[in-house]
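There are 2 protein chains.
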Amino acid sequence: MAQNITPRAQDYSKWYHDVIEAAELASYSPVRGCMVIRPNGYAIWEAIQSYLDKRFKELGHKNAYFPLFIPESFLRKEAQHVEGFAPECAVVTHGGGEKLEEPLVVRPTSETIIGHMYSEWVRSWRDLPILINQWANVVRWELRTRLFLRTSEFLWQEGHTAHETEEEAMEETLRILDLYKEFAQDFLAIPVLAGEKTESERFPGAVHTYSIEGMMTDGKALQMGTSHMLGQNFARAFQIRFEGKDRQLHYAWTTSWGVSTRLIGALVMVHSDDDGLCLPWRVAPVKVAIVPIYKTEEEKTKVTEFSIQILENICGKSEVERARRLAERTQILECFWDEERRQKVILDLRENMRPGEKFFYWEQRGVPLHLEIGPRDVAQNQVIVKDRLTRKKEAVLCSALSRDEIESRGERLTKALFERALKFRDEHMVRVESYDELKKVLLAKHGFVVCNFKPSREVEAKIKEETKATVRVILGDASDKKCIVTGEKGAKEVVFAIAY
Amino acid sequence: MAQNITPRAQDYSKWYHDVIEAAELASYSPVRGCMVIRPNGYAIWEAIQSYLDKRFKELGHKNAYFPLFIPESFLRKEAQHVEGFAPECAVVTHGGGEKLEEPLVVRPTSETIIGHMYSEWVRSWRDLPILINQWANVVRWELRTRLFLRTSEFLWQEGHTAHETEEEAMEETLRILDLYKEFAQDFLAIPVLAGEKTESERFPGAVHTYSIEGMMTDGKALQMGTSHMLGQNFARAFQIRFEGKDRQLHYAWTTSWGVSTRLIGALVMVHSDDDGLCLPWRVAPVKVAIVPIYKTEEEKTKVTEFSIQILENICGKSEVERARRLAERTQILECFWDEERRQKVILDLRENMRPGEKFFYWEQRGVPLHLEIGPRDVAQNQVIVKDRLTRKKEAVLCSALSRDEIESRGERLTKALFERALKFRDEHMVRVESYDELKKVLLAKHGFVVCNFKPSREVEAKIKEETKATVRVILGDASDKKCIVTGEKGAKEVVFAIAY
Chain W
60 MAQNITPRAQ DYSKWYHDVI EAAELASYSP VRGCMVIRPN GYAIWEAIQS
110 YLDKRFKELG HKNAYFPLFI PESFLRKEAQ HVEGFAPECA VVTHGGGEKL
160 EEPLVVRPTS ETIIGHMYSE WVRSWRDLPI LINQWANVVR WELRTRLFLR
210 TSEFLWQEGH TAHETEEEAM EETLRILDLY KEFAQDFLAI PVLAGEKTES
260 ERFPGAVHTY SIEGMMTDGK ALQMGTSHML GQNFARAFQI RFEGKDRQLH
310 YAWTTSWGVS TRLIGALVMV HSDDDGLCLP WRVAPVKVAI VPIYKTEEEK
360 TKVTEFSIQI LENICGKSEV ERARRLAERT QILECFWDEE RRQKVILDLR
410 ENMRPGEKFF YWEQRGVPLH LEIGPRDVAQ NQVIVKDRLT RKKEAVLCSA
460 LSRDEIESRG ERLTKALFER ALKFRDEHMV RVESYDELKK VLLAKHGFVV
510 CNFKPSREVE AKIKEETKAT VRVILGDASD KKCIVTGEKG AKEVVFAIAY
Chain R
60 MAQNITPRAQ DYSKWYHDVI EAAELASYSP VRGCMVIRPN GYAIWEAIQS
110 YLDKRFKELG HKNAYFPLFI PESFLRKEAQ HVEGFAPECA VVTHGGGEKL
160 EEPLVVRPTS ETIIGHMYSE WVRSWRDLPI LINQWANVVR WELRTRLFLR
210 TSEFLWQEGH TAHETEEEAM EETLRILDLY KEFAQDFLAI PVLAGEKTES
260 ERFPGAVHTY SIEGMMTDGK ALQMGTSHML GQNFARAFQI RFEGKDRQLH
310 YAWTTSWGVS TRLIGALVMV HSDDDGLCLP WRVAPVKVAI VPIYKTEEEK
360 TKVTEFSIQI LENICGKSEV ERARRLAERT QILECFWDEE RRQKVILDLR
410 ENMRPGEKFF YWEQRGVPLH LEIGPRDVAQ NQVIVKDRLT RKKEAVLCSA
460 LSRDEIESRG ERLTKALFER ALKFRDEHMV RVESYDELKK VLLAKHGFVV
510 CNFKPSREVE AKIKEETKAT VRVILGDASD KKCIVTGEKG AKEVVFAIAY
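These protein sequence lines are chains W and R, in that order. The numbering of the first sequence is the numbering used here, which starts it at 60 and goes up by one. The numbering of the second sequence is the numbering used here, which starts it at 60 and goes up by one.
Check before you lean on any hint, since a few could be wrong.
Identical chains share a label here; the pair holds if one copy fits it or two copies do between them.
Straight-line alpha carbon distances no greater than 30 Å define the calculated BS3-like cross-link-like pairs of lysine-lysine that follow [stated by the list, open to error]: (1) Lys376 / Lys240; (2) Lys136 / Lys452; (3) Lys136 / Lys158; (4) Lys541 / Lys474; (5) Lys445 / Lys523; (6) Lys548 / Lys116; (7) Lys354 / Lys304; (8) Lys540 / Lys523; (9) Lys304 / Lys359; (10) Lys376 / Lys121; (11) Lys359 / Lys73; (12) Lys279 / Lys474; (13) Lys136 / Lys482; (14) Lys499 / Lys136; (15) Lys361 / Lys136; (16) Lys474 / Lys523; (17) Lys116 / Lys527; (18) Lys452 / Lys113.
Calculated from the structure, these hints are not laboratory results.
Let the sequences and hints guide you as you build the complete structure.
Rendered as structure tokens:
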């Protein structure tokens, strides 16, 4: 059944959780800080995985799997790394009924254990580059949690590469940053700023950290993916060395990069509305929902038959037959749209719900396209097509309702979602010329604040204390300009925002 | 480079590890009992995942994700469950720098945490069945480990379903058992016996446990997948209750079932030989290896061009271009065979290796089909095709070398592997009529021993002590026959074997 959703304007945080609950994306579990990703939420993650996995592989990466547990001593081998992650770790002290000699940390990230393995695998320059990705769960103990955005356990992919030269490692770092940006914008329909982080926001142990930052509809920033140039820091800590073409021993240059299930939170916050979830076409687990409308038994028979025929045209006869066999109880025919069995077209034949309720139900679940079929449509051999965003109804002749036509309507919706999000972001991105102005803007409304600023740990800490805002990314150089806070020369053009 | 492999007849266990190492499937990690699944091994797991995931989904299952951590108290709610799993658990006692109020167990399996969530989700018979699967890592502390077969952490899928009636739950349990059997035989080319386990081999908390059992080439049995009818045991422990059509409260009937990365160990033991890994067509990450043969520079140019053309015919021009851009350093062109980017055709252009070494290299990695291309083949517009099993060389005209032709050769290889494994199993499966005979057979050689036996915890424990063998599956009823051990009536036809 459809559920009540708190209006976004009334309580953003409650609205966020209501959308997730109504769409059945995730729930809190009885384990503090850990979430259950329910089938509707997990299917979004599978769509993300499928897209990214192919892209990584096309660039030559291979998947592998490294242990969940990391010896505590490994973390300590890179000084900044242990400082950054030790306070967030879950620690296994007992195994098989006995106390362990050395406690094991549940991986918060895998640079250390992977660094150790690479040191065993790399001997010569011929063994490089190593291009490996891992799809895994990680644990970072959190006190204040929020579904998808901040939980003690989450799912992610972590790429770990090792290269012969600094230049190659830098290229890889930026290649992945580009890929993430393209993925966020084209696949998730979320406009992002991509750039380097300042030192105080850097990944513990990295030389350069880059990220993509999206703007949520409350004006806050969300870091949606990071790509780190690790220099030789982890290679030195774990002795990843190789004999170069010059017959000398060298340390390798490594990178790491990742995106996580928090992206599902971004989809909720950027595209959804007071009627619930709204999803771009390519990431939507259910692409099309077909709802028949009838009053009499005679109409019911006709409309149902016609609806099944429409479904057969879209998904094929044998696929509809398979779905019918399974739907005896649920009365919802779930047909696969794609070969990989990841995305669906559904026909909702439930008898205990009115058509309006059904539309509401599928709207709350973010289904991009809705087909309405009534007796008049059967007579005219047409269906009424409606998208989740504009909700404009349009009659389309069955002969014109090809898969390509459906797909192109879906892509149009995606484009409209992107444009709407871009417009929102641009409206909430202002340039300021003084620190007073920066504070005023951040106090009045959230959003991205662009200014000339000379990055420094101390000054950034002070600004964070006073405004809650941090530098999200460096947009470019402004070295001939003065820092709006300290007045010093050598500034950068940066974006400040309050972030999740 | 190709590595030395200990002959199987000389030391089976060393042979097993050598095959894995030569094929770079996995390594031990610095964390006791945990393995690293290397890209070549993980790609096999991805093929298995892809096949099973589609099949599960076609039967109406959906994927979800449940927490890694389980409160210790949850395990205790089902008496047999805690008895079975508590001694194998890894326990987290500290998180975020503080001692936890209640220790958390790293999931050894997820019946308890999932049971808890189902109790929150199920209210009415309309909410049933719940058909959920999870791809996840699990931890069972092991003292004696063996790559893939027995490690403290492994990867698996675990299905968890809840039903309105006992009959439906039983149907689901057996449907999955059938699916597993078909998967093992058709996809992995491993013949299996499917049947119920005796009480002493039952999953802790189950009412019935079914499994598929394969025979390894040392005559030992390997349990390759299990499907459990859990009755109402977990529903009672976790209060999974629903209002039935009769308006009364009922406990649900649940099932669980799984296969794990140990299947990769089965592939190694069943199909491989003294030259290394041998893989059936559909599970092979690299399907075809193309190796050019030449002596002069002129021959090299001609043969290389021709080889690239062959590759283009198989994988498409743009795909080969993509692979060429990436292969500058490795000199191995890796082209994707399939849309999902899971399986490859490779062209080995390395200049520092002789053709013989290359064939050996790809044989050790289990590649099913090898194409050899020399100057004479270019002249005759043909390639020499060889399969990993028979190694018979056959000249095939390029015009006849379609994807369908390649595929059908691959499937023929799969069939031959299955037939060979079936023949081996049948030759090592004997029927005995007395306990003395059973002991003699098991002592002389391993294998499957069929007999009439009346299952009993005590008698099975005694037999295990004396022979190391356990009842692997019950094949059928033999209630009019006497047990060969106790002479009692009410026997079953069972299979005894020594198992991994």
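How the hints compare with the structure:
In this homomeric assembly, Lys376 and Lys240 come within 30 Å of each other (Cα to Cα) only across copies, at 28 Å, whereas the closest approach inside a single copy is 39 Å. Taking CA atoms no more than 30 Å apart as the test, Lys136 paired with Lys452 passes in neither setting, with 62 Å inside one copy and 53 Å between copies. Both within a single protomer and between protomers do Lys136 and Lys158 lie at most 30 Å apart by alpha-carbon distance, with minima of 23 Å and 24 Å respectively. Proximity of Lys541 and Lys474 under a CA criterion of 30 Å is satisfied in neither setting, with 39 Å inside one chain copy and 74 Å between copies.
For a Cα distance limit of 30 Å, the shortest separation of Lys445 from Lys523 qualifies neither inside one copy, at 45 Å, nor across copies, at 67 Å. Taking the shortest alpha-carbon separations for Lys548 and Lys116, neither the intra-copy value of 44 Å nor the inter-copy value of 60 Å comes in at or below 30 Å. When the C-alpha separation of Lys354 and Lys304 is checked against a cutoff of 30 Å, the pair qualifies only between copies, where the shortest distance is 26 Å, while the shortest distance within a copy is 79 Å. In this assembly of identical chains, Lys540 and Lys523 lie within 30 Å of each other by CA distance solely inside one copy; the values are 22 Å within and 82 Å between copies.
Proximity of Lys304 to Lys359 under the C-alpha cut-off of 30 Å is restricted to the inter-copy arrangement: shortest distance 25 Å between copies versus 76 Å within a copy. Taking the shortest alpha-carbon separations for Lys376 and Lys121, only the inter-copy value of 22 Å comes in at or below 30 Å, while the best intra-copy value is 37 Å. Proximity of Lys359 to Lys73 under the C-alpha cut-off of 30 Å is found in neither arrangement, the shortest distances being 39 Å within a copy and 68 Å between copies. Within a single copy, Lys279 and Lys474 get their C-alpha atoms as close as 22 Å, which meets the 30 Å cut-off; across copies the closest is 59 Å, which misses it.
For the homomeric pair Lys136 and Lys482, neither the shortest alpha-carbon distance inside one copy (46 Å) nor that between copies (54 Å) is at most 30 Å. Taking the closest pair of Cα atoms, Lys499 and Lys136 never come within 30 Å of each other, the shortest separation being 44 Å inside a single copy and 56 Å across copies. In the homo-oligomer, the alpha carbons of Lys361 and Lys136 never lie at most 30 Å apart, since the shortest distance is 71 Å inside one protomer and 52 Å across protomers. Taking the shortest Cα distances, Lys474 and Lys523 never come within 30 Å of each other, neither inside one copy (35 Å) nor across copies (66 Å).
In this assembly of identical chains, Lys116 and Lys527 lie within 30 Å of each other by CA distance neither inside one copy nor across copies; the values are 39 Å within and 46 Å between. For the identical chains of this complex, Lys452 and Lys113 are neighbours neither inside a copy (36 Å) nor across copies (35 Å), given an alpha-carbon limit of 30 Å.
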